[in-house]
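Colleague: Let the sequences and hints guide you as you build the complete structure.
Here the protein sequences come in this chain order: W and C.
Per the numbering used here, the very first residue in the first sequence carries number 138; after that it's consecutive.
Per the numbering used here, the very first residue in the second sequence carries number 22; after that it's consecutive.
Hints were generated in silico from the structure; no laboratory data involved.
Each hint should be verified, as a subset may be incorrect.
Claimed, not checked - Here are the simulated lysine-lysine pairs, BS3-like style, with alpha carbons at most 27 Å apart:
hint, chain 1, residue 1, chain 2, residue 2
1, W, 172, C, 82
2, W, 278, C, 56
3, W, 223, C, 67
4, W, 172, C, 39
5, W, 278, C, 40
6, W, 274, C, 40
7, C, 39, W, 233
8, C, 99, W, 519
9, W, 278, C, 67
Stated by the list, open to error - A few chain W residues that don't get close to chain C, going by computed Cβ distances all over 12 Å:
hint, residue
10, 335
11, 356
12, 422
13, 517
14, 518
All values reported here derive from a predicted model rather than from experimental measurement.
In this text, a Cβ means the ideal position worked out from N, Cα and C, and glycines have one as well.
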Amino acid sequence: MDLQLNYNDPLIMHIDLNSCFAIIEQQANPLIRHKPVAIAAYDTPRGAVIASSYEAKAKGIKLGVNVREARLLDRNVIVMMPDVDKYFDAHNRFNKVLLNYTNEVVSRSVDEFVVDFAGSPAVREGQSLVDVGMNIKKDVKAALGEYVTVNVGIGTNRFLAKLAAGLHKPDGLDVINADNLREVYSKLELVDLPGINRGYQARLNMAGIYTPLQFLDAPMLLLKKQVFKSICGYYWYLRLRGHEIDNVDYGRKSFGQQYALGDKTTDRNQISRLLMKLCEKAGRRMRKGGYTGHGVHLWLNFENRMYWAKGRKTKSGIYATQDIYLNAQKLLNEVSIPGRVSNIGVTVFNLEPVNPIQLGLFDDSRLDATSLAKAADIINDKYGEFTLVPAIMVNMQDIILKRVAFGSVQDI
Amino acid sequence: MREIINEEVSVVMVYSAKKRLALPHIIGWHNKEYKVGEIGYHHIVKDGDVRHHIFELVDTKDTLWFRLNLDTSNLHWKLEAIHDGLAT
Chain W
138 MDLQLNYNDP LIMHIDLNSC FAIIEQQANP LIRHKPVAIA AYDTPRGAVI ASSYEAKAKG
198 IKLGVNVREA RLLDRNVIVM MPDVDKYFDA HNRFNKVLLN YTNEVVSRSV DEFVVDFAGS
258 PAVREGQSLV DVGMNIKKDV KAALGEYVTV NVGIGTNRFL AKLAAGLHKP DGLDVINADN
318 LREVYSKLEL VDLPGINRGY QARLNMAGIY TPLQFLDAPM LLLKKQVFKS ICGYYWYLRL
378 RGHEIDNVDY GRKSFGQQYA LGDKTTDRNQ ISRLLMKLCE KAGRRMRKGG YTGHGVHLWL
438 NFENRMYWAK GRKTKSGIYA TQDIYLNAQK LLNEVSIPGR VSNIGVTVFN LEPVNPIQLG
498 LFDDSRLDAT SLAKAADIIN DKYGEFTLVP AIMVNMQDII LKRVAFGSVQ DI
Chain C
22 MREIINEEVS VVMVYSAKKR LALPHIIGWH NKEYKVGEIG YHHIVKDGDV RHHIFELVDT
82 KDTLWFRLNL DTSNLHWKLE AIHDGLAT
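Modeller: Here is the structure:
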């Protein structure tokens with residue numbers, strides 16, 4: 138028997154800040170409001186645009202174009218580098234607003250939150266979620282500034298709530314429930330559904346599914362066996378009907394740090410210096426999170442579009458920056474560099490809580506390295522980041538700037 | 022166009038006990054005084070133990086945007102950047 142649509146009251150709310158980084162910059166600087174603004178990783182011609190204002194988007198300046206292209210699309214575009222601390226501050230204020238309504242607030246990224254209103258005071262008092270959504274919009278303005286707007290979507294699951302939030306940008310508020318679900322799907326294309334990209338669209342097309350409505354009406358077995366060829370087909374079957382499948386907290390799996398080189402190089406010494414800084418940043422975050430790792434993964438992208446990656450598990454725990462660096466450097470020694478390195482990344486994986494510490498029988502130096510790392514962290518906490526650094530990192534203060542990760546923001 | 026300045030500046034600050042708010046009121050920079058208009062954003066960044074208050078604001082005539090940094094360890098003000106609202 139086919140599974141019905143979810144007829145429960147929609148109690149999941151998805152809220153996202155419109156054009157987050159750009160709108161926060163426009164809030165901060167009234168002189169650039171209602172103007173095309175692009176936030177780029179670097180303001181040099183090849184710097185990639187990572188966010189743009191609605192005015193810039195209207196001119197075709199979207200995520201991924203570079204600064205040179207953005208200026209060709211609109212010579213009046215205002216290009217800025219990201220101000221990460223300000224965006225984190227905005228994220229925290231946004232979070233605080235939502236926590237006034239319920240504790241069930243999950244941050245999906247720096248500019249997106251999901252709130253589960255089941256059992257919340259607002260619902261118990263019989264308040265409509267549309268009214269709550271309107272109040273949240275007002276509260277966000279009060280907390281972040283008058284220019285800041287948010288999209289609010291309400292649904293029976295996270296998928297429908299996110300879809301609803303994207304229906305009327307900017308400053309929209311929409312509800313998708315069992316009554317209007319088919320109508321909403323009938324006006325969309327497959328790639329309008331969150332999580333359906335061009336690749337999935339091609340797969341669905343191959344199974345004769347060309348519209349969201351056909352996707353909704355497709356039998357579960359067709360999705361599971363033919364389209365997705367995995368349990369994902371069943372998940373989509375549930376998701377499209379408004380049943381929750383995405384409220385899973387995957388927890389922390391790794392700590393990674395990456396860097397796009399402004400000055401591409403084949404110089405191993407220079408790469409090692411960058412690697413040390415990446416290890417220090419990843420290590421600082423890992424130690425703050427209270428973890429120790431048991432493996433290091435290193436990847437390199439080259440200018441000629443070649444890619445190299447290798448990871449290795451370790452028997453003993455990795456805690457100090459020097460441990461991460463030592464393992465990463467060993468991996469780096471194994472690569473033959475075929476061209477100038479354009480991107481480099483290091484990840485510590487197989488995490489375990491740092492307490493209790495598992496000491497190796499033949500590993501005398503572990504406690505020393507751990508104590509040294511802790512002492513260095515205390516000094517850097519007190520006097521500022523990179524006050525105390527390994528010698529290899531001297532004079533690297535401005536290299537590898539603080540960035541906002543796409544997606545998870547567990548470190549904020 | 023945004024221009025990095027990083028110069029210490031004179032600032033008159035006003036504290037309202039009623040609103041419980043302390044805000045910059047007048048900026049003195051290069052022998053000119055700018056009366057503070059809209060404060061677009063105010064946030065705090067930490068450099069080690071030291072807290073810095075960052076005020077991003079425009080003058081009352083909407084001619085310039087200023088990014089001011091108040092170092093709470095010595096109460097010195099620094100003008101970090103200005104912007105005239107134009108691309109170039």
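Colleague: Now look at each hint and say whether the structure bears it out.
Modeller: Going down the list of hints, with the structure as the test:
Taken as a hint, the residue 172 of chain W and residue 82 of chain C pair is honoured in the structure, with Cα atoms around 19 Å apart against an allowance of 27 Å. At most 27 Å may separate the alpha-carbon atoms for a hinted pair to count; residue 278 of chain W and residue 56 of chain C meet this at roughly 25 Å. Restraint check for residue 223 of chain W and residue 67 of chain C: the C-alpha separation of about 12 Å stays at or below 27 Å, so the hint holds. Between the alpha carbons of residue 172 of chain W and residue 39 of chain C the distance comes to roughly 36 Å, so the proposed pair goes past 27 Å and is violated.
Taking the CA atoms of residue 278 of chain W and residue 40 of chain C, the gap is near 19 Å; set against the 27 Å cutoff, the hint holds. Note on residue 274 of chain W and residue 40 of chain C: the hinted pairing holds, with a Cα-Cα distance of about 23 Å set against a maximum of 27 Å. With a C-alpha separation of about 24 Å, the suggested pair residue 39 of chain C and residue 233 of chain W falls inside the 27 Å cut-off, and the hint holds. The hinted pair formed by residue 99 of chain C and residue 519 of chain W meets the criterion: a straight-line CA distance of about 22 Å does not exceed 27 Å.
Restraint check for residue 278 of chain W and residue 67 of chain C: the C-alpha separation of about 25 Å stays at or below 27 Å, so the hint holds. Annotated as non-interface, residue 335 of chain W keeps its C-beta farther than 12 Å from every C-beta of chain C; the closest such distance is 33 Å. Distance check on residue 356 of chain W: its Cβ is at least 52 Å (rounded) from any Cβ of chain C, clearing the 12 Å threshold; non-interface status holds. With a least CB separation of 16 Å from chain C, residue 422 of chain W remains clear of the 12 Å interface cut-off, as annotated.
Distance check for residue 517 of chain W against chain C: the nearest CB is about 7 Å away, which does not clear 12 Å, and the non-interface claim fails. With a least CB separation of 7 Å from chain C, residue 518 of chain W falls inside the 12 Å interface cut-off, contrary to its annotation.
In this structure, the earlier hints numbered 4, 13 and 14 are contradicted, and the remaining ones agree with it.
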